[in-house]
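Asks: Sequence:
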Amino acid sequence: MKKLLVIGIGAGNPDYITMQAVKALNLVDVFFLMDKGQSKDKLIDLRREICERYITGHDYRFVQAHSPERERGEVDYKTSVDDLNLAKQQTFERLINEELSDGQCGGFLVWGDPALYDSTLRILQAILASGRCAFEYDVIPGITSVQALAAQHKVPLNRIGRSIEITTGRRLAAGQVSDADSLVVMLDAEDSYHQVADQETEIYWGAYLGTPDEILISGKLKDVAPEIERVRKAARVANGWIMDTYLLRKP
Numbered sequence: 001m002k003k004l005l006v007i008g009i010g011a012g013n014p015d016y017i018t019m020q021a022v023k024a025l026n027l028v029d030v031f032f033l034m035d036k037g038q039s040k041d042k043l044i045d046l047r048r049e050i051c052e053r054y055i056t057g058h059d060y061r062f063v064q065a066h067s068p069e070r071e072r073g074e075v076d077y078k079t080s081v082d083d084l085n086l087a088k089q090q091t092f093e094r095l096i097n098e099e100l101s102d103g104q105c106g107g108f109l110v111w112g113d114p115a116l117y118d119s120t121l122r123i124l125q126a127i128l129a130s131g132r133c134a135f136e137y138d139v140i141p142g143i144t145s146v147q148a149l150a151a152q153h154k155v156p157l158n159r160i161g162r163s164i165e166i167t168t169g170r171r172l173a174a175g176q177v178s179d180a181d182s183l184v185v186m187l188d189a190e191d192s193y194h195q196v197a198d199q200e201t202e203i204y205w206g207a208y209l210g211t212p213d214e215i216l217i218s219g220k221l222k223d224v225a226p227e228i229e230r231v232r233k234a235a236r237v238a239n240g241w242i243m244d245t246y247l248l249r250k251p
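At position 52 of the sequence shown (counting the first as 1) the number is 52 in this note's numbering, and the numbers step up by one without a gap.
Honestly, the hints are just simulated from the structure, not real lab data.
Check the hints yourself; a few may be wrong.
Label-pair distances were calculated between CB atoms; the ranges are [claimed, not checked]:
hint: 1; residue 1: 239; residue 2: 80; range: 35 to 45 angstroms
hint: 2; residue 1: 241; residue 2: 79; range: 22 to 32 angstroms
hint: 3; residue 1: 178; residue 2: 103; range: 15 to 25 angstroms
hint: 4; residue 1: 241; residue 2: 128; range: 37 to 47 angstroms
hint: 5; residue 1: 226; residue 2: 153; range: 14 to 24 angstroms
hint: 6; residue 1: 200; residue 2: 115; range: 25 to 35 angstroms
hint: 7; residue 1: 130; residue 2: 64; range: 33 to 43 angstroms
hint: 8; residue 1: 81; residue 2: 238; range: 24 to 34 angstroms
hint: 9; residue 1: 136; residue 2: 164; range: 27 to 37 angstroms
hint: 10; residue 1: 121; residue 2: 66; range: 13 to 23 angstroms
List of simulated lysine-lysine pairs, DSS-like, C-alpha gap at most 27 angstroms [what the hints assert, rightly or not]:
hint: 11; residue 1: 36; residue 2: 78
hint: 12; residue 1: 3; residue 2: 154
hint: 13; residue 1: 3; residue 2: 36
hint: 14; residue 1: 42; residue 2: 23
hint: 15; residue 1: 154; residue 2: 78
hint: 16; residue 1: 36; residue 2: 233
hint: 17; residue 1: 233; residue 2: 220
hint: 18; residue 1: 222; residue 2: 250
hint: 19; residue 1: 42; residue 2: 233
hint: 20; residue 1: 250; residue 2: 233
hint: 21; residue 1: 2; residue 2: 23
hint: 22; residue 1: 78; residue 2: 2
hint: 23; residue 1: 220; residue 2: 250
Remember, predicted model here, so these are calculated numbers, not experimental data.
From the three backbone atoms N, C-alpha and C, an ideal C-beta is built for every residue, glycine too.
Sequences and hints are given; from them, build the entire structure.
Replies: This is the structure:
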C-alpha cells in the first residue's frame, strides 16, 4: 500500500517546523512540489531548504509538477474553484500513480497548516472516493500565518471572554456582518479592510510572515490603512506575489 503524509511546514520560517513534522519528513521517499511559476520560486526553495535541514540519513527525491491556476475575472467564483480543484486532482492522481511505488511514502509540504484554507486534504479525499488510486494518508499540523501574525505583533488573538472569527477578504469585501470581537482575515486580494465602517478599528497586518521579507504594520484603520495599501502594492511589484494576513479588533 502506498502511504502519503500531508505535512504542515509553517508560515515561512524553517524554525516553525514541529518535531512531529521532522519525524514525518524522515519517512518520505518522494516529495511532490507544485510549481506556481518563477515569481514564487521562493516557496519551492523553502521546501527544499526544510528537507535539507531536517532529513538525515534517508534517501529521498523531489518530483515537481506545474500547479494549475484558478480562472479569474468575470467568472463564477465557486465554479472556478471547483474547476481548479479538479485540475489539481488529476495532477495529484498522476503523480501518485506514476511516481510512487507500492510500499513507498510520498509527501506534500503544505504552507501553514493543511486544515486552514488549503485544498490538499479535500483533493486527496476526492481521489480516494473516485477509486482510481489507493493509498493511506496522515496529516501533520503546522503553525499557521494566523499564529505567526499574533506572535510577531505580540498580541493575543482574542480578548478575555470575547469571540474570534477567521474569514476571507472576499467575504469581508462582500459586506460580511460579524459579531466577533476579533476578525482574522486571510486571502485578501482587494484591500478589503477599507470596507470596515468603524475607522477606530485596530488592525494588525503582516505580509510574508516568518520570512526574511516580513512586513508588519499596526494601528487604527484611520491612521494606517493608506500605508498598508501603499506598502502592499510595492511589495507585490517587488516580489511578484504577496501573502498577507491581518487581525481586525473592535475598539
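Asks: Confirm or reject each hint.
Replies: Okay, the hints, checked on the actual structure:
At about 24 angstroms, the beta-carbon gap between residue 239 and residue 80 misses the expected band of 35 to 45 angstroms. Range check, residue 241 to residue 79: about 24 angstroms between beta-carbon atoms, so the 22 to 32 angstroms window is met. The hinted range of 15 to 25 angstroms is not satisfied by residue 178 and residue 103, whose Cβ atoms lie roughly 48 angstroms apart. Separated by about 31 angstroms at the C-beta atoms, residue 241 and residue 128 break the suggested range of 37 to 47 angstroms.
Evaluation of the 14 to 24 angstroms hint for residue 226 and residue 153 yields a pass: the beta carbon distance comes to about 19 angstroms. For residue 200 and residue 115, the Cβ-Cβ distance of about 33 angstroms falls inside the hinted range of 25 to 35 angstroms, so the restraint holds. A C-beta distance of roughly 24 angstroms is found between residue 130 and residue 64, which places it outside the suggested range of 33 to 43 angstroms. Taking the beta carbon of each, residue 81 and residue 238 are about 28 angstroms apart, inside 24 to 34 angstroms as hinted.
The given range of 27 to 37 angstroms is respected by residue 136 and residue 164, whose C-beta atoms sit roughly 34 angstroms from each other. With their beta carbons about 21 angstroms apart, residue 121 and residue 66 fall inside the hinted range of 13 to 23 angstroms. Pair hint residue 36 plus residue 78 holds up; C-alpha atoms about 21 angstroms apart against a cutoff of 27 angstroms. Among the hinted pairs, residue 3 with residue 154 is inconsistent with the structure: their alpha-carbon atoms are about 39 angstroms apart, more than 27 angstroms.
Distance hint between residue 3 and residue 36 is fulfilled; the C-alpha atoms sit about 25 angstroms from each other, no more than 27 angstroms. Simply put, residue 42 and residue 23 have alpha-carbon atoms about 24 angstroms apart, close enough for the 27 angstroms limit, and the pair holds. In summary, the hint linking residue 154 to residue 78 is not supported, as the alpha carbons are separated by about 36 angstroms, beyond the 27 angstroms threshold. For the proposed pair residue 36 and residue 233, the alpha carbon gap of about 20 angstroms is at most 27 angstroms, so the pair holds.
Taking the CA atoms of residue 233 and residue 220, the gap is near 20 angstroms; set against the 27 angstroms cutoff, the hint holds. Simply put, residue 222 and residue 250 have alpha-carbon atoms about 13 angstroms apart, close enough for the 27 angstroms limit, and the pair holds. Taken as a hint, the residue 42 and residue 233 pair is honoured in the structure, with Cα atoms around 19 angstroms apart against an allowance of 27 angstroms. Restraint check for residue 250 and residue 233: satisfied, since their Cα atoms lie roughly 26 angstroms apart, inside the 27 angstroms limit.
Only pairs whose Cα atoms come within 27 angstroms are accepted, and residue 2 paired with residue 23 is accepted, the gap being roughly 18 angstroms. Proximity of residue 78 to residue 2 is assessed by CA-CA distance (about 32 angstroms); at most 27 angstroms being required, the pair is judged violated. Distance hint between residue 220 and residue 250 is fulfilled; the C-alpha atoms sit about 10 angstroms from each other, no more than 27 angstroms.
Going through the hint list in order, the structure does not satisfy hints 1, 3, 4, 7, 12, 15, 22.
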